[in-house]
Amino acid sequence: MNRITSRWRNTLAVALTGISMFSVAAAQAAEITVWCWDPNFNGATMEEAFSRYKANNPDDTINVVIFDKAAMEQKLQAQLASGATDGLPDIVLIEDYRAQKYLQSFTSAFEPLTSHVDYSTFAPYKVELATLNGQTYSIPFDSGVTGYFYRSDLLAEAGITPDQLNDITWDQLIEIGKAVKEKTGLPLLPIDPTGSDWMRIMLQSAGSWYFDADGNVTIKDNPVFKAAIETYQRLLAAGITTPVSGWTEYTGSFTSGKSVSTFSGVWMTATIKANADQSGKWGVAPSPRLDGVEGAGNASNLGGSSWYVLSSAPEKEKAIDFLTSVWAKDVDFYQKILVNQGALGTYLPAREGEAFKASDDFFGGEPVWQNFSTWLAEIPAVNYGIFTEEADSATVAQIPAITSGGNVDEIIAAIDAQVRQQTQ
Amino acid sequence: MPALVLLGIFMVYPILWSLWMSFQVGRGMNFSFGGLANIIRLTQDTVFIRALTNTLLFLAVQVPVMLVLALLFANALNDSKLWGRGFFRTAIFLPCVTSLVAYSVIFKSIFAIDGIANQTLLALHLIADPINWLSDPFYARVVVILAITWRWTGYNMIFYLAAMQNIDRSIYEAAKIDGVPAWARFWYITVPMLKPVILFTSVISTIGTLQLFDEVNLLTMGGPSDATLTLSLYIYNLSFKFMPSFGYAATVSYVIVVLVGILSFIQFVAARDRRA
Numbered sequence: 001m002n003r004i005t006s007r008w009r010n011t012l013a014v015a016l017t018g019i020s021m022f023s024v025a026a027a028q029a030a031e032i033t034v035w036c037w038d039p040n041f042n043g044a045t046m047e048e049a050f051s052r053y054k055a056n057n058p059d060d061t062i063n064v065v066i067f068d069k070a071a072m073e074q075k076l077q078a079q080l081a082s083g084a085t086d087g088l089p090d091i092v093l094i095e096d097y098r099a100q101k102y103l104q105s106f107t108s109a110f111e112p113l114t115s116h117v118d119y120s121t122f123a124p125y126k127v128e129l130a131t132l133n134g135q136t137y138s139i140p141f142d143s144g145v146t147g148y149f150y151r152s153d154l155l156a157e158a159g160i161t162p163d164q165l166n167d168i169t170w171d172q173l174i175e176i177g178k179a180v181k182e183k184t185g186l187p188l189l190p191i192d193p194t195g196s197d198w199m200r201i202m203l204q205s206a207g208s209w210y211f212d213a214d215g216n217v218t219i220k221d222n223p224v225f226k227a228a229i230e231t232y233q234r235l236l237a238a239g240i241t242t243p244v245s246g247w248t249e250y251t252g253s254f255t256s257g258k259s260v261s262t263f264s265g266v267w268m269t270a271t272i273k274a275n276a277d278q279s280g281k282w283g284v285a286p287s288p289r290l291d292g293v294e295g296a297g298n299a300s301n302l303g304g305s306s307w308y309v310l311s312s313a314p315e316k317e318k319a320i321d322f323l324t325s326v327w328a329k330d331v332d333f334y335q336k337i338l339v340n341q342g343a344l345g346t347y348l349p350a351r352e353g354e355a356f357k358a359s360d361d362f363f364g365g366e367p368v369w370q371n372f373s374t375w376l377a378e379i380p381a382v383n384y385g386i387f388t389e390e391a392d393s394a395t396v397a398q399i400p401a402i403t404s405g406g407n408v409d410e411i412i413a414a415i416d417a418q419v420r421q422q423t424q
Numbered sequence: 001m002p003a004l005v006l007l008g009i010f011m012v013y014p015i016l017w018s019l020w021m022s023f024q025v026g027r028g029m030n031f032s033f034g035g036l037a038n039i040i041r042l043t044q045d046t047v048f049i050r051a052l053t054n055t056l057l058f059l060a061v062q063v064p065v066m067l068v069l070a071l072l073f074a075n076a077l078n079d080s081k082l083w084g085r086g087f088f089r090t091a092i093f094l095p096c097v098t099s100l101v102a103y104s105v106i107f108k109s110i111f112a113i114d115g116i117a118n119q120t121l122l123a124l125h126l127i128a129d130p131i132n133w134l135s136d137p138f139y140a141r142v143v144v145i146l147a148i149t150w151r152w153t154g155y156n157m158i159f160y161l162a163a164m165q166n167i168d169r170s171i172y173e174a175a176k177i178d179g180v181p182a183w184a185r186f187w188y189i190t191v192p193m194l195k196p197v198i199l200f201t202s203v204i205s206t207i208g209t210l211q212l213f214d215e216v217n218l219l220t221m222g223g224p225s226d227a228t229l230t231l232s233l234y235i236y237n238l239s240f241k242f243m244p245s246f247g248y249a250a251t252v253s254y255v256i257v258v259l260v261g262i263l264s265f266i267q268f269v270a271a272r273d274r275r276a
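If you're matching them up, the sequences are chains A and B in order.
Here the numbering used here is used: position 153 in the first sequence is 153, and no number is missing along the way.
Here the numbering used here is used: position 142 in the second sequence is 142, and no number is missing along the way.
The set of hints was computed from the structure by calculation and includes no laboratory data.
Please note: incorrect hints may appear among the correct ones.
Quick list of the computed label-pair ranges, beta carbon to beta carbon [stated by the list, open to error]: (1) D68/A - F88/B: 33 to 43 Å; (2) D214/A - I40/B: 18 to 28 Å; (3) P162/A - T43/B: 51 to 61 Å; (4) T43/B - K183/A: 51 to 61 Å; (5) D68/A - F138/B: 54 to 64 Å; (6) W20/B - Q421/A: 16 to 26 Å; (7) F268/B - Q421/A: 48 to 58 Å.
Note that the structure is predicted; figures quoted are calculated from it, not measured.
We treat Cβ as the ideally placed atom computed from N, Cα and C, and that holds for glycine.
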């Protein structure tokens with residue numbers, strides 16, 4: 001009994017010595033904690049960025065914590081609301097649609113980076129949405145520049161060539177969908193009736209949003225909004241879509257060949273390219289534009305996110321140093337994450353790099369990255385404001401009415417009323 | 001005394017604080033006293049009305065169905081001559097101890113467009129086209145009701161089983177000798193004897209359904225178009241998804257408190273009347 005106790009004591013002593021030595025070492029080196037939500041995308045790019053930083057700062061370490069996106073947002077919002085900063089990371093990834101909401105509700109929680117970063121080197125629309133009262137708070141990360149991803153082999157069966165998809169309108173796409181359905185029997189697009197991606201893409205492509213630059217609701221009497229609802233209604237009525245529920249069913253639909261295409265953000269490339277057996281069978285065209293709408297273009301945005309430093313961060317200086325020295329300087333880094341993760345950064349000098357000019361065999365040898373960066377430059381900047389979630393949910397609430405061919409003016413009036421009520 | 005202090009810190013203080021919160025207006029952490037503004041907002045809020053209607057609909061349909069099922073199962077499994085009743089008891093009880101996320105994922109895959117539910121119905125020629133279970137407002141509600149019924153029936157059944165074991169066997173034997181048929185023994189002996197337990201389970205189930213959150217959040221996210229939005233999910237959206245509006249969220253949660261109070265009171269009164 002005695003022997004066992006003393007052995008335990010020895011083990012404990014050794015363990016304690018080990019821990020104290022470790023903590024001495026840890027006190028000198030900084031550990032930067034990062035929160036993000038996708039191990040293959042933003043998490044992987046962060047690891048890559050740090051491996052570059054580590055070359056000059058060998059003692060520092062990084063701890064990339066991956067959450068479910070909704071869970072991360074909930075945790076962040078709950079902690080900021082409680083005012084308890086313990087356990088918050090140094091750097092957090094925030095989706096662009098939510099940026100202003102966080103900045104305006106918890107202003108002092110984030111560190112302004114204006115004095116550390118030359119923001120003229122980033123895409124202007126990304127800088128604008130992280131700016132509040134003249135201070136910019138983010139290191140802009142990926143773009144959500146949209147494209148129309150299609151199975152070139154299946155469209156060829158229906159006699160559609162890639163040229164026919166260049167700079168078209170939604171109504172031309174609907175005609176193409178009818179031809180595809182007739183010849184191949186396959187639906188053109190999977191549509192999740194609980195989603196609002198289509199609305200975000202259509203609105204921004206014409207430089208409009210649920211709110212104007214001052215944050216006022218612009219739903220009623222907004223020709224872009226009306227055109228978007230009418231276009232979506234025509235799209236559904238054409239019988240060329242297939243309903244899906246949730247993300248897995250949605251991406252499963254076009255990656256398994258049950259439908260022939262989708263319109264989405266550039267980040268969808270990673271999901272599509274994960275199916276190596278479909279190499280050479282895909283193409284990307286510009287997003288369709290709204291018919292008969294002033295200012296409507298073929299470039300839009302869906303999603304995208306940026307890195308923010310918390311002002312309570314224990315390693316704040318280190319985090320800023322790391323972000324500015326890699327994310328705001330290293331052109332080579334952006335080539336690597338573009339090739340490996342399909343991450344299209346918004347650091348403008350990176351567009352001159354090699355990877356951006358390369359062609360991609362997966363997409364039939366097209367210079368897809370160059371195309372995407374060309375469209376990126378054409379995205380109209382809009383003010384997402386602080387109520388995008390509320391407006392989305394008001395729009396989605398009217399989808400049964402839109403689907404069943406309801407009166408567009410009544411639908412818009414209902415959305416407008418709900419948004420006004422929810423944003424008072 | 002320490003117990004009272006703990007109770008004060010962890011029960012009374014948060015309740016009073018949330019009551020104070022429910023009168024605050026503002027965005028995020030910048031709030032100010034708003035008087036009755038939140039209550040006025042409540043009366044004009046179409047989303048709130050929709051969430052309230054959905055919650056009450058789930059309550060009105062699901063709780064009676066579940067309790068009757070639980071009662072019937074309990075009665076069947078209480079039969080000492082039934083072969084393998086230990087197995088059936090466990091099988092029916094098991095859903096309520098399974099992981100919530102796991103069962104939601106399974107329900108989602110069962111009711112996917114090409115899921116087993118549609119495949120079975122198509123194979124039996126009961127439907128001509130696959131049903132879009134989770135994206136159709138009506139069927140999404142059906143799936144949510146099925147899911148919570150599946151999960152909680154066994155839980156209530158255990159209460160009834162336990163109570164049934166306490167009913168003296170001799171009462172049934174006497175009734176049998178007097179020639180009382182099985183259904184009448186169930187209706188006139190078992191059910192009245194279980195009245196306190198039935199009251200207890202209906203109060204518990206009512207509270208549980210009024211707070212319904214997990215299933216709708218994991219299965220449908222309140223969709224399609226708010227058809228399965230419940231009050232709890234709306235509170236969650238107000239606090240964590242939308243522009244944080246903690247004061248208003250607190251007001252909506254007090255609606256649940258009031259509803260629980262009223263419905264429990266009605267159930268107690270109803271049970272008392274029947275006894276008299």
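Quick rundown of the hints versus the structure:
| no. | hint | result |
| --- | --- | --- |
| 1 | D68/A - F88/B: 33 to 43 Å | holds, 36 Å |
| 2 | D214/A - I40/B: 18 to 28 Å | holds, 26 Å |
| 3 | P162/A - T43/B: 51 to 61 Å | holds, 56 Å |
| 4 | T43/B - K183/A: 51 to 61 Å | holds, 55 Å |
| 5 | D68/A - F138/B: 54 to 64 Å | violated, 29 Å |
| 6 | W20/B - Q421/A: 16 to 26 Å | holds, 24 Å |
| 7 | F268/B - Q421/A: 48 to 58 Å | violated, 37 Å |
The structure fails to meet hints 5 and 7 from the earlier list, while all remaining hints are met.
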